[in-house]
Amino acid sequence: MDQKTSVINRIFGIFLSPTTTLKEICDAPTSGKLLYLLLVAIVTILFVFLVQIPSGLTSILIGASMFPQYQIYFLFFAVMAIFSLIFIGLLNLIYATGVSLKKSRKEHRSRKIMVNLYIYSLVPFLLLSSQIPFILIFGGHYSLFHLQFFFYFLLGAVFGWHFVLIYRGLQIESDISPKGAKILTVIYIGVIICIAFSIIYAVLYINFDISWLGFLI
Amino acid sequence: MQITTRKLGFTIFFILILSFPLVFAMPFHFKLSEQNVCTRVAEYTMNELDYSIFTDWGKGLCIHGLLDAAEVTGDEKYRAFAQCWVDQSIRTQTDEGAFGHGDMAVGDSTAIGLSVLNFYNRTGDPKYLEAAIKHLNYLRSPERVWVDGPPLIGGSSHLANKAELWIDHLYMVIPFWAQMGVTLGNDTYIDEAVNQIQVHLKHLQEPVTKLVAHIWSETEGYLDSNLWGRGVGWATASIARILGIIPNTHSNYSYLLNTVLSMLASLDDFQDSSGLWHTIVNDSTTYLETSCSTLFAYTIAKLYHINQTWIDDGNRTMAIRAFNAVVGKVDQWGVVHWCSGGTGANPYGVPRADYAIPWGQGMFLSMYREFEAVNWTGGI
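Protein chains in written order, with our numbering: chain B, 1 to 217; chain F, 1 to 380.
No wet-lab data here; the hints were simulated from the structure.
No experiment lies behind these values; they were computed from the predicted model shown.
Some hints here could point you the wrong way.
[Claimed, not checked] Cross-link-like lysine-lysine pairs, in silico, DSSO-like; alpha carbons within 30 Å at most:
id: 1; chain 1: F; residue 1: Lys7; chain 2: B; residue 2: Lys179
id: 2; chain 1: F; residue 1: Lys77; chain 2: F; residue 2: Lys31
id: 3; chain 1: F; residue 1: Lys162; chain 2: F; residue 2: Lys202
id: 4; chain 1: B; residue 1: Lys182; chain 2: F; residue 2: Lys7
id: 5; chain 1: F; residue 1: Lys210; chain 2: F; residue 2: Lys162
Turn these sequences into a full structure, and let the hints guide you.
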């Protein structure tokens with residue numbers, strides 16, 4: 001793998017020049033790249049599960065035995081990562097179907113969406129990896145050290161980054177106008193936020209049991 | 001050029017979000033390390049546990065623990081925090097009367113009950129008493145499942161849909177029931193609470209050691225006959241708490257006192273040299289566990305607090321050794337380590353938790369308050 005197409009270069013490229021990188025990957029998707037996407041998504045989810053339970057990551061690293069209680073805010077990351085895994089899995093299937101259809105338009109479009117989701121799965125991964133030192137040194141106890149607002153900022157950055165990248169990704173090699181892409185992105189992010197807040201409201205005000213969420217983690 | 005600028009911007013952003021929490025947390029870390037163990041545990045319990053997620057009895061114990069921490073430290077923020085969640089448990093009270101939200105176990109939803117009454121006594125706000133009465137009516141309802149006898153005579157099942165006696169019920173439910181009798185001036189409720197203890201002990205107490213098993217089913221017998229440490233702790237701590245609630249003229253007062261003292265005598269034989277007890281108290285091959293040790297220490301300090309003549313030097317030494325051992329399990333952040341987790345399938349095979357467990361945190365605070373009250377926190 002040369003410098004231009006190396007994995008690290010591609011990852012940084014997505015953050016530094018997303019439009020160009022998206023085009024580059026769209027032009028030459030391969031089965032290897034698709035498997036790589038799936039792997040990235042799986043690793044992301046594992047990472048998110050560990051980080052959403054901050055001292056859990058510490059526990060793993062220092063060889064302790066179990067995860068602590070999960071926390072609702074970190075659940076957002078997990079939900080996003082789960083969406084990534086599901087969608088990328090589906091898109092692998094679509095891509096396989098696309099190959100048999102001799103590179104139909106459907107396949108072409110699926111590749112584009114796939115790449116968006118590739119980025120989608122990487123965003124929490126890269127942002128949260130910046131928190132590893134804090135997790136190791138201070139146990140990831142954001143609330144204990146009055147860092148709730150920083151944590152909300154981090155959460156906002158994840159959503160914000162999602163917004164920008166999805167907005168740009170939607171416009172690549174498609175006839176969607178910038179305005180249309182913006183509307184679609186707002187709807188998409190809006191739905192996720194509404195779902196999250198609906199769950200919180202349901203728990204705190206209408207006696208909704210969410211203990212089943214524990215099984216996801 | 002544009003790429004280079006973006007690369008620089010990205011690197012700066014990454015370094016900022018990496019270093020900011022480290023720098024910001026440093027002074028709080030030094031401040032925390034200077035605070036005493038009770039404050040550390042209270043701070044962690046209030047700030048780090050997610051009360052919107054864990055909806056069961058663990059929250060009830062944490063809330064009560066924070067009220068105890070408010071008494072010890074004089075810091076009203078713990079009480080204000082507790083009040084938010086007590087109010088929330090009332091806001092989400094079911095039509096039947098159960099506190100809290102989404103918890104199927106009858107007994108577990110009651111765990112926050114004493115905190116509700118605490119705020120009634122403190123504020124005089126009738127909403128707390130009305131909610132407590134609604135919950136008591138729910139507990140006393142003939143439509144609930146009763147074990148080995150008719151309603152209010154037989155045992156109150158811990159579960160909503162099965163006839164099972166759980167030793168947990170003694171701690172989660174019975175002190176609230178007795179306290180309601182005192183608050184409302186109704187001796188019947190007090191008698192019912194004491195009767196529940198007798199019914200539970202009839203089925204769960206082991207005759208030789210006088211300690212108690214975990215679960216007894218009306219249809220299947222013992223579902224768990226182990227002398228589970230925390231379960232034994234629920235029983236001793238419940239009785240100690242009730243002795244502090246009901247009048248000492250009650251006809252069964254001596255029975256309750258003798259029962260808990262006989263348990264303590266037996267526990268003395270099983271205490272490890274570390275000061276802790278094993279999760280199965282009579283099986284030294286099982287791991288040493290913190291929460292049961294906290295409950296036993298709490299029991300002795302509580303009894304001493306009520307009447308100093310009940311506790312001899314042997315029990316006092318046992319309690320202080322346990323206290324020292326439990327304090328030794330608290331880390332720099334205020335996490336009480338080595339409590340066992342939930343008791344689902346294979347409960348004793350579950351490793352000790354190396355993170356904060358709600359009941360470990362909450363009971364630590366309650367224990368500390370009793371030790372502070374009897375001036376035992378200085379150790380032996």
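How the hints compare with the structure:
{"no.": "1", "hint": "F:Lys7 - B:Lys179", "in the structure": "holds (28 Å)"}
{"no.": "2", "hint": "F:Lys77 - F:Lys31", "in the structure": "holds (17 Å)"}
{"no.": "3", "hint": "F:Lys162 - F:Lys202", "in the structure": "holds (19 Å)"}
{"no.": "4", "hint": "B:Lys182 - F:Lys7", "in the structure": "holds (25 Å)"}
{"no.": "5", "hint": "F:Lys210 - F:Lys162", "in the structure": "holds (26 Å)"}
Hint violations for this structure: none, all hints satisfied.
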